Structures are given as structure tokens and as C-alpha cells.
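> If you want the building blocks of each chain, they are given just below.
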Amino acid sequence: MQECIERYGAKVWSLTRRLGVPEHEREDVAQEIFMDLWRSSGRYDPRCGPEGAFVIVVARRRAIDWLRSRGARAHLEHPLDEEQAARLAAPDAGADAGSDGARAAAALAELPPAQQHVIALAVVQGLSHGEIATRLRMPLGTVKTYVRRGLLRVRERLTGPAVTGREARS
Amino acid sequence: MSANASDRERLAELAFEAALGTPSPEEAGELERLRAVLGPAAESGIDRAVAATLDAFGDGRDEALPAALRERVLRDADAYLAAARRAGPPGVMPVAAGVAARPRTAPRRRRRPGVAGFASWGGWAAACASLAFAVYVLLAQPPAAPGIAGVSPPVAPRPGPSLPAITSSGTASSRVAESASTDVPGVEAGAPANATVAGAAAPEESWREFVAARPYLIRRRFEPGPDAAGRRVSGEVIWDGVTQRGYMRFAGLRPNDRLLEQYQLWIFDAERDERYPVDGGVFDVDATGEVVIPIRAKLGVGRPVLFAVTVERRGGVVVSARERIAALARVT
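Residue numbers (the numbering used here), protein chains in the order written: chain Z, 1 to 170; chain X, 1001 to 1332.
With the rest of the complex left out, here is chain Z (with noise of 0.2 Å):
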């Protein structure tokens, strides 16, 4: 457990800021994410993709849900960051271009800006579809099929030989 924390400590921390939770509140949070990962441990499944991720998705799920238990949905209100969008378009030079987030922000930048933001909203923002669609006032069919058809071509994107971000939109 001590590695866990040693190993994911500063992603979950960061992952609390990156969502939204006021800064009062991270370390509750934090704490409890820390909760979560043990109770869900026996949830993991090597087979199923690497341990890290399985650590940001139970952390960001569980971060998520405080956000709505507390009705803390200001982070909700605004729209998506431009910076997020500009990152996607031109990615940190300083990054390692093979790495993960690099080789989805490649694959998320081929997408159109419309289905960028749907993405960005569910994932890092967690709204859910309907919260989305009466956002942007569009189909509920066509947020699912935005969200999905991204998140496919993201995981295609892992799984399939590596391309920096670069090469990707040269």
C-alpha cells in the first residue's frame, strides 16, 4: 500500500485539482480516494490494461462523485478551458510524445472541436450524457456516439503502434 501511495500519490493529488474540488477539500478527498482504491483493489484486472490507469479511473470516478454529493458543480459550469483545447492542438513540447496522454491528445486532435469538447466535458469535466446534451442543447444519440467513437479512437490510438502526436497530424 505504501508503494501505491508512493507510486500514484501524486497523480491522485494532482487528478483532485485537475477536477475541480476546492482546494479546502482536496486532501478529504484525496484521502478518501485512497479508500476507494483499496476497497476496489480486488476489482483490478491485469488483463484488462495497466495499474495506473485502473488507479485514475477509480480516482477520478470517486472524485467525481463527491463533486455531485456536495452539489459542487461550479467546475461544471465553465466551459471547456481553452488551455485544454490549445494543449490538444500543441501538445508540451517537454512530453514524452510516446507517452499516453500525448498519443490521446494526437488521436483527440484529429477529432472535430464540437466532439473534442463532448469529450473533454464527460471525462474531465464527468458530466453525465444528458447533463451534456441539454448543455449544448444537441441529441442525447449524438453525445454517446461522440463520447464512444473518441474513446475508441483514443484506445485504438494506445494499442496500435506508436505515433507521436506530430507524426499523427502531419
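No lab work stands behind these hints, which were simulated from the structure alone.
If you're wondering where the values come from, they're calculated on a predicted model, not measured in any experiment.
Possibly wrong hints are sitting among the right ones.
Distance ranges between label pairs, derived from CB positions [as the list claims (entries may be wrong)]:
| id | chain 1 | residue 1 | chain 2 | residue 2 | range |
| --- | --- | --- | --- | --- | --- |
| 1 | Z | P46 | X | A1064 | 36 to 44 Å |
| 2 | X | D1007 | Z | T159 | 39 to 47 Å |
| 3 | X | D1257 | Z | E25 | 49 to 57 Å |
| 4 | X | A1067 | Z | L136 | 41 to 49 Å |
| 5 | X | L1260 | Z | E6 | 17 to 25 Å |
| 6 | X | A1082 | Z | P50 | 28 to 36 Å |
| 7 | X | L1038 | Z | G160 | 32 to 40 Å |
| 8 | X | A1067 | Z | R70 | 20 to 28 Å |
| 9 | Z | E110 | X | D1007 | 51 to 59 Å |
| 10 | Z | T134 | X | A1005 | 28 to 36 Å |
| 11 | Z | P50 | X | D1257 | 44 to 52 Å |
| 12 | Z | T159 | X | P1066 | 44 to 52 Å |
| 13 | Z | R70 | X | S1006 | 36 to 44 Å |
| 14 | X | D1257 | Z | P112 | 53 to 61 Å |
Here are the simulated EDC-like cross-link-like pairs (lysine to aspartate or glutamate), alpha carbons at most 16 Å apart as the crow flies [as the list claims (entries may be wrong)]:
| id | chain 1 | residue 1 | chain 2 | residue 2 |
| --- | --- | --- | --- | --- |
| 15 | Z | K11 | X | D1062 |
| 16 | Z | K11 | Z | E51 |
| 17 | Z | K11 | X | D1059 |
| 18 | Z | K11 | X | E1063 |
Don't be surprised by glycine CBs; every beta carbon is placed ideally from N, CA and C.
Here the structure of chain Z is known, so what remains is to put chain X in place on it, guided by the hints.
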């Protein structure tokens, strides 16, 4: 496209929904069925894609865990492990270096009031003098389907698939449960989720030993629900939050017609939306004597507040219509 490829594509879609936490109960049931057919490899890369997408939109800055928080988390982890050890053989397997040792529950620095439900539980409890009546009032509310956090308008409940496993994590949880040994005599270890342990009365002495070894156990008596099947029921439930295992013991629960219906346990968790209690598995009662039933929770249970047994169609349902409530055990 072959049916198999179509199923794999559908499984991937549903697995993404589950990873994002947005599947409806019906989708969760469908996902469970496809998992059973296609196996875990078909879900390969789902979590990785979600995590990578988060990374892609992120700023790439990772902050170190504050030292004080790290200490708190470590203390929690130690307490968790200690509780798990006290519980005896955990019946679970370390899964990987980082997440190994897997305690199941732990004390928290501060309990949160729960997801939309706890406040209503408290108010509900205070307002109702009769347990049976109070729970009936709550359970009689038709559950709203899709919408994890209640953002979607309520719709009429629909019958679910015929599999008792309902949730995205049901398979794994079941696997864990099935790998667990049981300390209760008369309860068959590794029995399937819908096992019946009719007539397997645990000797009182062993039962007491099981309970004595786990001072933190939740132990509550069942009371009759409104349905005639439970009119004469008595018994109790014990629940070990550390190992996520528990047992029910009944007397007087009417034998069910196996061809048509089964009993199904629902665990209401203060940390979950009360419209979606955790499925505790289906079971049969084929004797009027005492029966001991292992609980097969399909999801982790954080803070149980009510154990409710309903009569459902054979195989169980995804979402109970809550029309036939046979027995209830309230924790808080």
C-alpha cells in the same frame, strides 16, 4: 460484421460508460452479460484510454502529495490492513504490486453524509416510528432509471436481465466472493451467487465465534416486510465491511417457487444513491427451518444502512420494483 465482433464493440462501448461512471442499470446489466461471454480481455485498454484522455487534457503538472496527507493516508492504510488481518483469511488476492494487500474498508477522518441518500435516510428514520412501515415507504418509491446522480427524470422501472450480477464491477466482486473461504459452518465456500444453503443452520457456538472474531461486524435482526412471504420471518444479518462478506440467517421465510421467483437481497449504502442499492444476490428457501445465506454483494459497500429482501422473478432483477418486500434489517 459477425455477431461476435458486434458484441465486442458493444462491450467496449458499455465498458467506456462504466469507466466514466455513467451506465444506466440496464446498460450495466447488458455489460455484465457480455463480460460473461467475452471475458475480460475484450475490455483491454478501456481504463487506459480514459486515463490517457484525462492526461491529454491535463496540464502535465503533477504535485507531490502533501506530507501530512501522506501520513494520514498511510495511517488509514495501516488501520485498514490491521482490520483485515483481524478478520482472518481475507479470501482475496493481491492483484499487483501497487494495489496489493487490498484492505476493504477503513476508518475515515471524516464521514461524509452520503450521496443524496443519507440526509433522506436520517429524515426518513426520524419521521417513521415503524421500521417496516418506514422502509416500505422508502422502498415503495419506484426507482428512477438512468442517471447516476439523479440528473435524469425518473422513469418507470423496467425489468432487468435474468442475471443476478448487475453492475460494472459485479464479475470481479463475485470472483472475490467466490474465492473467499467461509467461517460459518453450513455455508458452502465458493458457492455460486444464487446458492441456497437451505437447512444449513450454523451451530450457535460457531456463529458466536465468527462474530466474536469480528468485533466490528454489523449485526442486525430482520423484521417482517409487508409481503406475505416474510410475515413470519425472523433472523439476522451479519456483515463484515472489511472483507465485504456477510451472511443472513432466516427462520420462517416462506419457501419460494423456484420456477417462478427467488428472493433477492438489496444493500442500501449511505455512500451510494439510494435509488440504486447494491445487489446482494438471489437465493432460494426450500425449507421452513433455519437457512443461512451467504451475501454476494456485487459492488463494494461503504456504509450499509439497510438490508432488504425482496421477492423477484427467477434470476433476480437489475432494478427492483420494490413491490414485494419480505424482510428488512435496518442498520441506522
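> Please go over all the hints and tell whether each is borne out by the structure.
Hint-by-hint comparison with the structure:
Evaluation of the 36 to 44 Å hint for P46/Z and A1064/X yields a failure: the beta carbon distance comes to about 27 Å. Distance hint check for D1007/X and T159/Z: the Cβ-Cβ separation is about 19 Å, which falls outside the suggested range of 39 to 47 Å. At about 51 Å, the CB distance of D1257/X to E25/Z agrees with the hint of 49 to 57 Å. A beta carbon spacing of about 42 Å between A1067/X and L136/Z agrees with the range 41 to 49 Å that was offered as a hint.
Taking the beta carbon of each, L1260/X and E6/Z are about 54 Å apart, not inside 17 to 25 Å as hinted. In this structure, A1082/X and P50/Z meet the distance hint of 28 to 36 Å, their C-beta atoms being roughly 29 Å apart. A beta carbon spacing of about 21 Å between L1038/X and G160/Z contradicts the range 32 to 40 Å that was offered as a hint. Roughly 26 Å separates the CB atoms of A1067/X and R70/Z, a value that falls within the hinted 20 to 28 Å.
At about 27 Å, the CB distance of E110/Z to D1007/X disagrees with the hint of 51 to 59 Å. At roughly 34 Å, the beta-carbon separation of T134/Z and A1005/X lies within the given 28 to 36 Å, and the hint holds. In this structure, P50/Z and D1257/X meet the distance hint of 44 to 52 Å, their C-beta atoms being roughly 48 Å apart. Roughly 36 Å separates the CB atoms of T159/Z and P1066/X, a value that falls outside the hinted 44 to 52 Å.
Between R70/Z and S1006/X the C-beta distance comes to about 40 Å, which sits within the given range of 36 to 44 Å. At about 56 Å, the beta-carbon gap between D1257/X and P112/Z stays in the expected band of 53 to 61 Å. Between K11/Z and D1062/X the alpha-carbon distance is near 6 Å, which keeps this suggested pair within the 16 Å criterion. Of the pairs offered as hints, the one joining K11/Z and E51/Z holds, with about 13 Å between alpha carbons and a cut-off of 16 Å not exceeded.
This hinted pair checks out: K11/Z and D1059/X have alpha carbons roughly 12 Å apart, not beyond 16 Å. At most 16 Å may separate the alpha-carbon atoms for a hinted pair to count; K11/Z and E1063/X meet this at roughly 8 Å.
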